[in-house]
Amino acid sequence: MTTEELQALEIGKVVDARGTACPGPLLDAKRAIGDCPVGGVMEVQSSDDGTIIDIQRWSRKMGHEYLGDIENDGFWSIYFRKVK
Amino acid sequence: MSDEATNEKVIQDLIKRVETLEANAPEDKLAMGIMSGDLDYLIASFIVALGAAAYDMEVDMFFTFWATAALRDPKKQKNLKKDALGNMFGAMLPTGIDKLPLSKMHMMGMGDAMIKGVMKKHGAKSLEELMKDAADFGIRIHVCTMSMDLMGIKREEIIDYPHISYVGVGAFVDIFGKAKQCWFM
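Residue numbers (our numbering), protein chains in the order written: chain W, 1 to 84; chain F, 1 to 185.
Everything labelled a hint here was simulated from the structure, so no lab data went into it.
No residue lacks a Cβ here, since even glycine has one placed at the ideal position from N, Cα and C.
Below, in silico cross-link-like pairs of lysine-lysine (DSSO-like), each with a Cα-Cα straight-line distance of 30 Å or less:
1) Lys61(W) / Lys29(F)
2) Lys29(F) / Lys30(W)
3) Lys61(W) / Lys180(F)
4) Lys29(F) / Lys84(W)
5) Lys30(W) / Lys132(F)
6) Lys30(W) / Lys82(W)
Listed next, the stretches of chain W that the computed footprint assigns to chain F, with coverage defined by at least 3 CB atoms under 8 Å from CB atoms of chain F:
7) 23–32
8) 49–63
Start from the sequences, fold in the hints, and give me the full structure.
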């Protein structure tokens, strides 16, 4: 997805994991996914750029659809759709 | 033998083989043998264990030798009945996670304080926080009873952790055999 498309998404659940180091963002995402409706989009915010590949692999392995990431000022927003 | 009987025999053989394969197939589990009692190794171990938990993998951690000292609770050190050797080991081994050395750059405890400071600055979780997360995610800790005997560590002084058991190598070889990933630290 392009940055514009990602920015236009309706977000089902935001996880603010900024300021936490590995494995913080991954664990926060894992803990929060229950609060996101099936079919909804989850946005994980992280100041650790390693989280991008982590969430890419994790979301795919867990059967979700990875959508992309956007670099913001000092942190990244990482998007995936909860499929099941 | 008729063709039909031959086919039937082949099918039965295949069913048996598939059943054996299924019974012995590794599952989506992580098994970790933790031998090091160094702070850095233990932090790395729990980060890996939690990463696997995020993937819905079952995690078993087998604590042996120096790692068992990390499971001592400093608040449970009174009235422990130990023999002379046990007392000596008890005094020499770290009492719990706050007293663990670093494997490198320990510098008589200075490195320890430095790494804790750096980790806090970068938002990394402390070993205590990681172990709390591990408890939340149902990560199991198995303690080697032989190591405890050797080092005079008593069950009464082990930390309160919800998923703990006391085992020997027999239990752990079985757990390792069922795990897709096995790590030794």
